[in-house]
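In the order they appear, the protein sequences are chains A and B.
Position 57 (the first sequence) corresponds to 57 in the working numbering; numbering is contiguous.
Position 93 (the second sequence) corresponds to 93 in the working numbering; numbering is contiguous.
Since the hints were derived computationally from the structure, they do not count as laboratory data.
All C-beta atoms in this analysis are idealised placements derived from N, C-alpha and C, irrespective of residue type, glycine included.
Hints should not be assumed to be uniformly reliable.
[To be verified] Here are a few chain A residues that face chain B, going by a calculated C-beta distance under 10 Å:
(1) Tyr36
(2) Phe89
(3) Leu103
[Unchecked claim] Listed below are the simulated DSSO-like cross-link pairs for lysine-lysine, each with C-alpha atoms no more than 27 Å apart in a straight line:
(4) B:Lys41 x B:Lys20
(5) B:Lys66 x A:Lys42
(6) B:Lys64 x A:Lys107
(7) B:Lys64 x B:Lys14
(8) A:Lys68 x A:Lys107
(9) B:Lys20 x B:Lys55
(10) B:Lys64 x B:Lys41
(11) B:Lys14 x A:Lys42
(12) B:Lys20 x A:Lys42
(13) A:Lys107 x A:Lys42
(14) A:Lys71 x B:Lys41
(15) B:Lys14 x B:Lys66
(16) B:Lys41 x A:Lys42
(17) B:Lys41 x B:Lys66
(18) A:Lys107 x B:Lys41
(19) B:Lys64 x A:Lys42
(20) B:Lys14 x B:Lys41
(21) B:Lys20 x B:Lys64
(22) A:Lys56 x A:Lys107
(23) B:Lys20 x B:Lys66
(24) A:Lys71 x A:Lys56
(25) B:Lys55 x B:Lys66
(26) A:Lys107 x A:Lys71
(27) A:Lys68 x A:Lys56
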Amino acid sequence: GESVGLHLPTLSVQEGDNSIINCAYSNSASDYFIWYKQESGKGPQFIIDIRSNMDKRQGQRVTVLLNKTVKHLSLQIAATQPGDSAVYFCAENTPRGGGADGLTFGKGTHLIIQP
Amino acid sequence: GAVVSQHPSWVICKSGTSVKIECRSLDFQATTMFWYRQFPKQSLMLMATSNEGSKATYEQGVEKDKFLINHASLTLSTLTVTSAHPEDSSFYICSARDPQARNIQYFGAGTRLSVL
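Assemble the whole structure, with the sequences as input and the hints as a guide.
Written out as structure tokens, the structure reads:
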């Protein structure tokens, strides 16, 4: 079935540099996308979201870009800090109806911060 | 962001017993909650959608008689793993949709289930 995938399983960046985490999705009917951060042994933490009628959204130190033409989503983290080390998941919501709902998660990218 | 509390955080049980996991939205009312399962070094897989006051909607391949879901109030959903077996050992995570915050799904801290 269709699913959300990622380009890289691990990303290593220098502290202070910008990080870019990519995500490819295949379901053109998806209308909402979210980025989550998950630290080891914990639940996912909301970072930022974007709806399909937008192509860019900014938060504190983070920016999400959505390219519907190529079905691509990215998360940019500015001035990466040690506390940013975690696994990052993109997730998509596809309207299904009939009481079924919930998010489809990508495989995750492990962001490693080098001192 | 909104707070979702999950309890217990860790449980060990014998094969054949049942385990109940609670998920509470602490500062908002959630008509819709979700249950996910995550195996080590893998992504989250949706198990079911829990709707307040109605039956849960299960994803394909998830046994509804094994994973009982009850959403009796706007702030509480429970997942009961019945007759647990070692292959049910996993990290179970709930989420709740906050209608006051663009319907963002906020997640609990997860429950680590180990079945001996």
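Going down the list of hints, with the structure as the test:
Residue-level restraint check for Tyr36 of chain A holds (minimum Cβ-Cβ distance to chain B is 7 Å; threshold 10 Å). The interface hint given for Phe89 of chain A is met, as the beta carbon of that residue sits about 6 Å from the closest beta carbon of chain B, less than 10 Å. With a cut of 10 Å, the hint placing Leu103 of chain A at the interface with chain B holds, because the nearest CB-to-CB distance is about 6 Å. Distance hint between Lys41 of chain B and Lys20 of chain B is fulfilled; the C-alpha atoms sit about 24 Å from each other, no more than 27 Å.
Between Lys66 of chain B and Lys42 of chain A the CA atoms are separated by roughly 25 Å; this keeps the pair inside 27 Å, and the hint holds. Distance restraint check for Lys64 of chain B and Lys107 of chain A: the Cα-Cα separation of roughly 25 Å lies within the 27 Å cut-off, and the hinted pair is therefore satisfied. In summary, the hint linking Lys64 of chain B to Lys14 of chain B is supported, as the alpha carbons are separated by about 21 Å, within the 27 Å threshold. Straight-line distance between C-alpha atoms of Lys68 of chain A and Lys107 of chain A comes to about 20 Å, which keeps the hinted pair within the 27 Å bound.
In summary, the hint linking Lys20 of chain B to Lys55 of chain B is supported, as the alpha carbons are separated by about 17 Å, within the 27 Å threshold. About 25 Å separates the Cα atoms of Lys64 of chain B and Lys41 of chain B, which keeps this hinted pair within 27 Å; it holds. For the suggested pair Lys14 of chain B and Lys42 of chain A, the alpha carbons sit about 24 Å apart, so the restraint of at most 27 Å is met. A distance of roughly 19 Å separates the Cα atoms of Lys20 of chain B and Lys42 of chain A; the hinted pair therefore holds under the 27 Å criterion.
Between the alpha carbons of Lys107 of chain A and Lys42 of chain A the distance comes to roughly 16 Å, so the proposed pair stays at or under 27 Å and holds. Under the criterion of a C-alpha separation no larger than 27 Å, the hint pairing Lys71 of chain A with Lys41 of chain B is consistent with the structure, at around 25 Å. Under the criterion of a C-alpha separation no larger than 27 Å, the hint pairing Lys14 of chain B with Lys66 of chain B is consistent with the structure, at around 16 Å. For the suggested pair Lys41 of chain B and Lys42 of chain A, the alpha carbons sit about 13 Å apart, so the restraint of at most 27 Å is met.
About 24 Å separates the Cα atoms of Lys41 of chain B and Lys66 of chain B, which keeps this hinted pair within 27 Å; it holds. Taking the CA atoms of Lys107 of chain A and Lys41 of chain B, the gap is about 9 Å. The hint holds against a cut of 27 Å. Between Lys64 of chain B and Lys42 of chain A the CA atoms are separated by roughly 26 Å; this keeps the pair inside 27 Å, and the hint holds. This hinted pair checks out: Lys14 of chain B and Lys41 of chain B have alpha carbons roughly 25 Å apart, not beyond 27 Å.
Between the alpha carbons of Lys20 of chain B and Lys64 of chain B the distance comes to roughly 14 Å, so the proposed pair stays at or under 27 Å and holds. Straight-line distance between C-alpha atoms of Lys56 of chain A and Lys107 of chain A comes to about 22 Å, which keeps the hinted pair within the 27 Å bound. Restraint check for Lys20 of chain B and Lys66 of chain B: satisfied, since their Cα atoms lie roughly 12 Å apart, inside the 27 Å limit. The suggested pairing of Lys71 of chain A with Lys56 of chain A holds, with an alpha-carbon distance near 14 Å, which does not exceed 27 Å.
Under the criterion of a C-alpha separation no larger than 27 Å, the hint pairing Lys55 of chain B with Lys66 of chain B is consistent with the structure, at around 14 Å. A hinted pair counts as satisfied when its Cα atoms are at most 27 Å apart, and Lys107 of chain A with Lys71 of chain A qualifies at roughly 16 Å. At roughly 11 Å between alpha-carbon atoms, Lys68 of chain A and Lys56 of chain A fall within 27 Å of each other, so this suggested pair holds.
Hint check: no violations occur; every hint is consistent with the structure.
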